[in-house]
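Peer 1: Letter 159 of the sequence shown, counting from 1, is numbered 169 in the numbering used here, and no numbers are missing.
Any given hint might turn out to be false.
Dumping the calculated BS3-like pairs for lysine-lysine here, alpha-carbon to alpha-carbon at most 27 Å [what the hints assert, rightly or not]:
#: 1; residue 1: Lys91; residue 2: Lys23
#: 2; residue 1: Lys108; residue 2: Lys91
#: 3; residue 1: Lys77; residue 2: Lys23
#: 4; residue 1: Lys36; residue 2: Lys68
#: 5; residue 1: Lys36; residue 2: Lys113
#: 6; residue 1: Lys82; residue 2: Lys68
#: 7; residue 1: Lys91; residue 2: Lys113
DEER-style ranges, computed between Cβ atoms [said to hold, decoys possible]:
#: 8; residue 1: Glu74; residue 2: Ala176; range: 58 to 66 Å
#: 9; residue 1: Glu75; residue 2: Glu29; range: 53 to 61 Å
#: 10; residue 1: Thr97; residue 2: Ser135; range: 54 to 62 Å
In short, the hints are calculated from the structure, not lab data.
The beta carbon of each residue, even a glycine, is placed where N, CA and C say it ideally should be.
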Amino acid sequence: MIYCGPLGQHSCKVIEYFEGISGVPKIRDNFNPATWMLDVTSTSSEAELGIDFAQIYKNSALHEENKELVRKLSLPPSGSKDLHFPTTYSQNGWGQFKACLWKQHWSYWRSPSYNLMRSLHMLFSSFLFGFLFWGQGKQIHNQQSLFTLLGSMYSSTLFCGINNSASVLPYVSTERTVLYRERFAGMYASWAYSAAQVCPIQMA
């Protein structure tokens, strides 16, 4: 860390701090203070000037003031009480479910490639297995015919299931990242997210 303190009007405090270090060039008129600070504190500038900005800050009065401020703020005021919230989540169960359902709704609508490919594959599979086994239910004369019909039902389910499982992985991977972030932030309970996941799937 090379600086931790107030910026000031138009970054005047930052400019004053770094210009106070011996060898640091003054900022030019109408120059961006952030760009100037990055330029003068770069590794090449440190090597050229022969200084260590991190060590200078560590030995500065500003660093001591910040440590004292941290020490004061780490101690609770006299008479204060620990923070306590009556509920784990800010919303009740119904509010959590509605929020998750709304999020899932927009997530589905904003994933047209995923939904379109899934629908087209299901339509193609339906026509394919329908043509292959058309009228087979009326021609069950022996055990082999029954097993053939049951096998066709199993194959169609397995065929669609494998495709859906493969196509949903990138979608779920993205959603999982968002889920972890929101769950650890305490936005909703697991059951609310799970219930909202089921509803769009039923409507899709």
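Peer 1: Work down the list of hints and note, for each, if the structure agrees.
Peer 2: Going down the list of hints, with the structure as the test:
no.	hint	in the structure
1	Lys91 <-> Lys23	violated, 36 Å
2	Lys108 <-> Lys91	violated, 34 Å
3	Lys77 <-> Lys23	holds, 19 Å
4	Lys36 <-> Lys68	holds, 22 Å
5	Lys36 <-> Lys113	violated, 51 Å
6	Lys82 <-> Lys68	holds, 19 Å
7	Lys91 <-> Lys113	violated, 37 Å
8	Glu74 <-> Ala176: 58 to 66 Å	holds, 60 Å
9	Glu75 <-> Glu29: 53 to 61 Å	violated, 19 Å
10	Thr97 <-> Ser135: 54 to 62 Å	violated, 47 Å
In this structure, the earlier hints numbered 1, 2, 5, 7, 9, 10 are contradicted, and the remaining ones agree with it.
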